[in-house]
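Number of protein chains: 6
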Amino acid sequence: MIETPDIQRPDPALIEGLRHVSSATASGELSRLGIRDPHIRGPVALTPGMSVVGPALTLQFMPKREDLYNVDEYADPEKQMHRHALYPTQPGDIVVVDARGSLSSGVFGEMMLTFFKGRGGIGVVIDGCIRDSPYAKTLGLGLWTRGVTPNYHAQTDIIPFAVNVPIACNNVLVMPGDIIIADDDGAVVVPIGLAPELLKKGGEHADWEVFTRMRLAEGGHLRKYYPLSAEAQAEYEAWRKK
Amino acid sequence: MIETPDIQRPDPALIEGLRHVSSATASGELSRLGIRDPHIRGPVALTPGMSVVGPALTLQFMPKREDLYNVDEYADPEKQMHRHALYPTQPGDIVVVDARGSLSSGVFGEMMLTFFKGRGGIGVVIDGCIRDSPYAKTLGLGLWTRGVTPNYHAQTDIIPFAVNVPIACNNVLVMPGDIIIADDDGAVVVPIGLAPELLKKGGEHADWEVFTRMRLAEGGHLRKYYPLSAEAQAEYEAWRKK
Amino acid sequence: MIETPDIQRPDPALIEGLRHVSSATASGELSRLGIRDPHIRGPVALTPGMSVVGPALTLQFMPKREDLYNVDEYADPEKQMHRHALYPTQPGDIVVVDARGSLSSGVFGEMMLTFFKGRGGIGVVIDGCIRDSPYAKTLGLGLWTRGVTPNYHAQTDIIPFAVNVPIACNNVLVMPGDIIIADDDGAVVVPIGLAPELLKKGGEHADWEVFTRMRLAEGGHLRKYYPLSAEAQAEYEAWRKK
Amino acid sequence: MIETPDIQRPDPALIEGLRHVSSATASGELSRLGIRDPHIRGPVALTPGMSVVGPALTLQFMPKREDLYNVDEYADPEKQMHRHALYPTQPGDIVVVDARGSLSSGVFGEMMLTFFKGRGGIGVVIDGCIRDSPYAKTLGLGLWTRGVTPNYHAQTDIIPFAVNVPIACNNVLVMPGDIIIADDDGAVVVPIGLAPELLKKGGEHADWEVFTRMRLAEGGHLRKYYPLSAEAQAEYEAWRKK
Amino acid sequence: MIETPDIQRPDPALIEGLRHVSSATASGELSRLGIRDPHIRGPVALTPGMSVVGPALTLQFMPKREDLYNVDEYADPEKQMHRHALYPTQPGDIVVVDARGSLSSGVFGEMMLTFFKGRGGIGVVIDGCIRDSPYAKTLGLGLWTRGVTPNYHAQTDIIPFAVNVPIACNNVLVMPGDIIIADDDGAVVVPIGLAPELLKKGGEHADWEVFTRMRLAEGGHLRKYYPLSAEAQAEYEAWRKK
Amino acid sequence: MIETPDIQRPDPALIEGLRHVSSATASGELSRLGIRDPHIRGPVALTPGMSVVGPALTLQFMPKREDLYNVDEYADPEKQMHRHALYPTQPGDIVVVDARGSLSSGVFGEMMLTFFKGRGGIGVVIDGCIRDSPYAKTLGLGLWTRGVTPNYHAQTDIIPFAVNVPIACNNVLVMPGDIIIADDDGAVVVPIGLAPELLKKGGEHADWEVFTRMRLAEGGHLRKYYPLSAEAQAEYEAWRKK
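Protein chains in written order, with numbering that gives the first Met the number 0: chain A, 0 to 241; chain B, 0 to 241; chain C, 0 to 241; chain D, 0 to 241; chain E, 0 to 241; chain F, 0 to 241.
For the record, the hints were derived by calculation from the structure and aren't laboratory data.
Check the hints yourself; a few may be wrong.
Copies of one chain are not kept apart here, so a pair can be met inside one copy or by any two copies together.
Keeping only pairs whose Cα atoms sit at most 25 Å apart, straight-line, the calculated SDA-like set for lysine to any residue is [said to hold, decoys possible]:
id, residue 1, residue 2
1, LYS199, LEU67
2, LYS136, VAL43
3, LYS223, ARG118
4, LYS199, PRO11
5, LYS240, PRO11
6, LYS199, ILE14
7, LYS116, PRO47
8, LYS136, PRO47
9, LYS78, VAL164
10, LYS136, SER50
11, LYS136, GLY146
12, LYS223, ILE1
13, LYS78, TRP238
14, LYS223, TYR151
15, LYS223, LEU138
16, LYS136, THR46
17, LYS116, SER21
18, LYS200, ARG8
Just chain A, same shape as in the assembly (with noise of 0.2 Å):
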């Protein structure tokens, strides 16, 4: 019986309050707090329009080696660490995967994702590919995956090898417990002592933001309405009193 580590998941008032972050506010106000680059490059949207937030399941794959995982193993699903990665799932979980950047493996195929989605999950960021994707696109989880393949986890070179475990996902660290923020323009890793932070910066709405954007829609100049000039100021005051 193979046990893994379970990960510690945020107050639920964290995850709520992210939900009003796009990817892209928090990783402008991630560098500013000193995270040069939260995004994880590789994996784009493969299910445009969705867009989620949620603590991080992580799982590890490793270069396959034969002398560790033979056909044997294979033959007993229970000793598929990919399997595992999935077995702790909650409500409103996402799973992140190091494949390596594979593009011959396909990490999580159609019954894997529809148990993680049957279990909660909302999301998947693989530094690899998923198989089976027209089925997977039709289940409601937001995908992000480097492409698609017909081949299976372990068929080529990479072996599901470690849960819940410091991963690299691509040019990124993750670890279990960080919460992603994910939507079209790409996941962001949100460390979870910064998400606080991030919260406190990243929901400071700016009304004057669609003032501004309805300006500048009308051929208004950047130089007065991005950011406001004091001139727009008085402006903008008297719109947003109507």
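Following the hints, put chains B, C, D, E and F in place on chain A, whose structure we already have.
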């Protein structure tokens, strides 16, 4: 007059049977039959939702060499080998092209593709690009390419060189007459000699998969339902009776 | 106060005429006029179906160097050159950006793009990314980029450096004021000096192409209909009379 | 105080025996023992002519994350994991580093390498770079790296993260205590469990290879001498008697 | 019994004459004869200082396909096409290999290369690797490769497929019997039909180049001495008289 | 007559002082002065053992565009900008070239390099290649390039475009007149404004480093000797007295 070989087409029953086998099922089964990776990486679905199964006509490009391919030759369409690749087209054929991964060459444009479609061709798999893509996507052909380009086939770095010879389509060897199975997960090459075996394996419909998928979607556990545990087996049989 | 040059805009009739020339026709004809490869590889259509023709405003990014670009400067928006790139926008303009192929920098976000659209801009071609893509795609601009990112323009490795200077947009040299023709096949640069010649060549409408396409779709042979053989010529003329 | 595990070192006789096995022989034999590709691609010989065999200490780098690795920590050398990787060094050890292929980080410099050599270390294999290379090359260590750089280990994009854990050294999984065989052809990982078998196979000296090489050099034919044909067998035995 | 074609060897006087033409001179002159880029990018000099000129034997690798290349076949050396590539070797021959840029396959090892040398072969150009490199470098052959590896030729992803057919050696088309000129700057393919013309152009010795180089080394100006200005012409003629 | 700007050369004392600072020391100190990565990745030492310090002349290449760079212009050497880049050479100068990473263009050949050496130039850093490398390596210049090629500077895809303008040398911005420090670890750009500060920091000779290196080589522990512990401090002072 250029003479090129035609391919030997498979038993229609074989194609008919394989129509029910997805690229994902095919890749997994071929892996078990000893083919490590039958998936052609690089070309991706340009016409999402299309899925095709058929025998491969092949076309090989080579690096352009000006002493072999000059302006005068270009003036004589009958010397263009990419035309000859399409001449033997029969209904149900798929053309597979080694275009050396080039993003600077549009292997086929609207006229070639219209002709191919008019002759009954159903799919195009190119380790490279097409052009006239807005029109091409409306033809009803399945298209798998690395991308699109406005350039014509021999504009920059490659030239069409040979028809119905063994080709390397990126990481996969394709023999003329092999069977291609392509859908949104990608294109898989089925060596013609393994096709009957694949048909047998891939065609074993798994009634229980429908049941399993349903249970997983309802929150059932992988351990119980995938594969079916002894406990779930009884439940499945009861369900099937209904 | 930063002063940057404006571009010289072409005769509106030239633009009007080229509106009927696809990027594929343009690339082929420019090739025959001596330009080996006018296609900007890398940026792809982010707004499928959009097609634009117009003069190029140019913006050059350079690798970030902290002694030249520090936080204090960032605090003063007027020193941000990517804003200045958009200031001279006139109706029908296209902005072309050498962003060094970066996938870590969102060259423009919603505010910049809204301003550009508000001023009459019609297209954006970037050897790099934008951010706020869900909103950006709704603006009615034609967008050709390498991808999207949540990062802001100077967050990681590049900074905006110069406006309306000659730039390298990946593999293609773009001079300020050159004409861009972009559609789903990609973006092509028309050197301003060659534009009148291209207009002449590319505009020669080929009535017979409609006929040929129809015949090919019906199963007619390339040899007969493309180009028109002597035999098909008569058939075509009969058809045209109707 | 940071505690990291040490490795279990192999029977010295095993190492002694494998010293007569080249990386080429090892790779071929491991392939026949079921390991598809034991060669670590990427690192190449920086000290041509050096050849080493020994157990692997491992060091894992991860993407830099500023909230986990700030300037203050850097000020305390004892928190630097790349130092800890070398602390357990015993004579004959080889350190293997997953530096994520980075060309921007010099994993070890002169002081680290001098210490490693002083403790009896014999080889360094890095999927990344060293710095202070002019000095490093004179130390008498065998060095296999992707290149050299003037940057220090944590200057840009990666940080040392864990010691003597399983690592991915580019395409190969290395377990702490596996045996490394490295020479001018590259570095090969021998899973410790397969080492005795490799010793048996790789150690079978082929007297006839000396004979064959001589005959081929004189213009003898491959068909006759490699492998030895029946005809050549007699000739070989006559030669051996002399 | 496998039969493969031999190549037609050029007039020895042609080879003799081209021996005085460097790869740099050849590339420039071929460019003026209409060949845009005759340089095979990828393979670099493994044996610095060696320079060879001779006709090309060609060998084509293809992606490995397990149904066509199984263990039993490997057991029969005579079915190995990379052996057949060397069988027709005559003194002065150069073998050129399309190994698909693979860094995981050692196309030739010590025995093959010793045989090739024993038969009079002088150079090896591979878009891929060799193995047994320490020994190979001592053989007196000129070697141009992408690198070295301990793996054998068919260990991982490619297999030898055809002998003396047209091949793509990375970016260049090589016809069997074309002439190769290779030195420290790299390997250039001279289409056999252009060889006489190249000999004429490349062989025009420029006496004044010696003079120019001397003057430039002394601090003379490019404008005056390269090419020779009218003023320098007189100086040169005076120098030549001495 | 083409006029290009010259650079402002630094105080000779600055160069003299920096001659004792290695690229590794420079990169580390510049990092502490706020420059994240001053190392030009890509170009590597072609002349091992050479080390140079001097001001940067800059040369920018752009993608080739046939309407701007035709055969006739090539016929007039004075229009070749890569010649103009070398005209202002003064003793101690280093020329830095953005050749766009091209492996198909030999930026300088023997004549250009001989002239540069004759004028007192000491180093060449190219994000691209040179040609005539066997001769070039004997000139006594320090050369850092991506490789070598037989092709001439404008043969394929790039053309020389501007002299002594700001350039991007791969990942680093170089301003004309910045200082280059290059040795076997690579080439580092020192922004001219930071050079005095670097001189101060990098020049602080660390006597104890000699002592530390000695102790480490003898098997001393990093913890004790690097940096010097209190215990080692006394030992060091005793050693220094001798």
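| query | Out of the numbered hints, which ones does the structure contradict? | reply | 5 and 13
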